[in-house]
Amino acid sequence: MSSRRSRSRQSGSATRISDDQIADLVSKLQRLIPELRTRRSDMVSASKVLQETCNYIRSLHREVDDLSDRLSELLASTDDNSAEAAIIRSLLM
Amino acid sequence: MRNPSSLKQEILKKWVMGLQICSSSKKEMTILERKKAIKLSADIAMASARNASKYWSRALIANASKQDENKALLDHILGCDLEKIKKKSSIVSIKRKKIVLRSKKILKKRVKNIGVASYIAKRLVKKRTQLLKRLVPGGESMDELSLMEETLDYIVSLRAQVDVMRHLANASMHLDHKVSSSMDQMLL
Chain X
1 MSSRRSRSRQ SGSATRISDD QIADLVSKLQ RLIPELRTRR SDMVSASKVL
51 QETCNYIRSL HREVDDLSDR LSELLASTDD NSAEAAIIRS LLM
Chain C
1 MRNPSSLKQE ILKKWVMGLQ ICSSSKKEMT ILERKKAIKL SADIAMASAR
51 NASKYWSRAL IANASKQDEN KALLDHILGC DLEKIKKKSS IVSIKRKKIV
101 LRSKKILKKR VKNIGVASYI AKRLVKKRTQ LLKRLVPGGE SMDELSLMEE
151 TLDYIVSLRA QVDVMRHLAN ASMHLDHKVS SSMDQMLL
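Chains as they are written, first to last, in full-length UniProt numbering: chain X, 1 to 93; chain C, 1 to 188.
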């Protein structure tokens with residue numbers, strides 16, 4: 001009997017914990033995203049948070065790509081024997 | 001909590017390691033090849049910065065290891081951890097699939113007695129969750145809860161990666177200017 005009780009308690013509380021945890025994570029996410037950080041968490045819907053999260057991740061990916069472009073051009077100068085190349089190279093050593 | 005500047009230091013250290021490996025293995029690189037090397041090193045550095053403790057980082061590394069040309073880089077940065085990480089990423093995905101099925105059942109139970117507005121909201125959330133899954137490495141095999149946790153960590157890591165790269169790019173640019181102007185002064 002006690003095992004049945006503990007089993008049903010477990011499955012019930014698992015659903016409850018899931019909901020609360022997801023809500024908590026959504027509000028944490030909201031605080032990370034610059035677009036939504038200043039708005040009150042009860043005024044921003046979960047779908048809005050998800051949408052802005054996707055946009056934010058995409059913009060971060062783009063930034064990494066742009067910076068890789070910039071750096072590939074900057075570091076290309078390490079091929080020649082200038083003092084600048086030596087100093088930039090020493091940054092990497 | 002976790003120290004953001006120590007994360008950046010870890011990323012920088014491993015990124016620089018990766019860049020050295022790439023430039024030592026191939027002396028003459030086109031700009032495109034160099035860019036790919038820079039980006040790959042940055043991604044591996046970001047993923048391995050905290051010992052690949054998160055699912056997204058293991059997925060990123062596992063995906064990178066699928067291409068032969070990346071093997072040398074991965075071996076150097078991760079060493080013997082690479083095999084462990086690949087194993088861990090495949091085992092976890094089986095566990096997560098069970099959780100995904102269970103959480104889908106929980107969702108279905110709740111949708112039954114809800115009005116139209118909530119129904120539309122839930123579908124919107126579902127659609128956007130699908131998009132998010134495609135953006136986070138390994139997201140496809142995650143349940144909703146894990147997806148949120150992993151996304152939080154992934155965003156923090158991405159921001160650190162961007163900061164590190166931006167600082168190096170700016171420092172290189174400033175060095176370029178400083179050196180060429182001081183060289184001009186020396187030669188005058």
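Everything labelled a hint here was simulated from the structure, so no lab data went into it.
Just so you know, these numbers come straight off a predicted model, no measurement behind them.
All C-beta atoms in this analysis are idealised placements derived from N, C-alpha and C, irrespective of residue type, glycine included.
Treat the hints loosely; a few may be bogus.
Using C-beta positions, here's what the derived DEER-type ranges look like [as the list claims (entries may be wrong)]: (1) 63/C / 27/X: 40 to 50 Å; (2) 6/C / 31/X: 14 to 24 Å; (3) 83/C / 42/X: 40 to 50 Å; (4) 45/X / 32/C: 19 to 29 Å; (5) 59/X / 126/C: 31 to 41 Å; (6) 25/C / 34/X: 15 to 25 Å; (7) 6/C / 66/X: 21 to 31 Å; (8) 59/X / 31/C: 18 to 28 Å; (9) 118/C / 40/X: 18 to 28 Å; (10) 25/C / 42/X: 48 to 58 Å; (11) 116/C / 28/X: 21 to 31 Å; (12) 40/X / 33/C: 28 to 38 Å; (13) 31/X / 167/C: 18 to 28 Å.
We went through each hint and held it up to the structure:
1. 63/C / 27/X: 40 to 50 Å: For residue 63/C and residue 27/X the Cβ distance comes to about 30 Å; the hint is violated.
2. 6/C / 31/X: 14 to 24 Å: holds (21 Å)
3. 83/C / 42/X: 40 to 50 Å: holds (47 Å)
4. 45/X / 32/C: 19 to 29 Å: Between residue 45/X and residue 32/C, where Cβ atoms are some 42 Å apart, the hint is violated.
5. 59/X / 126/C: 31 to 41 Å: Given range 31 to 41 Å: violated, Cβ gap about 23 Å.
6. 25/C / 34/X: 15 to 25 Å: Since the Cβ atoms of residue 25/C and residue 34/X sit about 38 Å apart, the hinted range of 15 to 25 Å is violated.
7. 6/C / 66/X: 21 to 31 Å: holds (26 Å)
8. 59/X / 31/C: 18 to 28 Å: This hint holds: roughly 24 Å between Cβ atoms.
9. 118/C / 40/X: 18 to 28 Å: holds (21 Å)
10. 25/C / 42/X: 48 to 58 Å: holds (54 Å)
11. 116/C / 28/X: 21 to 31 Å: holds (30 Å)
12. 40/X / 33/C: 28 to 38 Å: Since the Cβ atoms of residue 40/X and residue 33/C sit about 48 Å apart, the hinted range of 28 to 38 Å is violated.
13. 31/X / 167/C: 18 to 28 Å: At roughly 24 Å between Cβ atoms, residue 167/C and residue 31/X fall inside 18 to 28 Å, so the hint holds.
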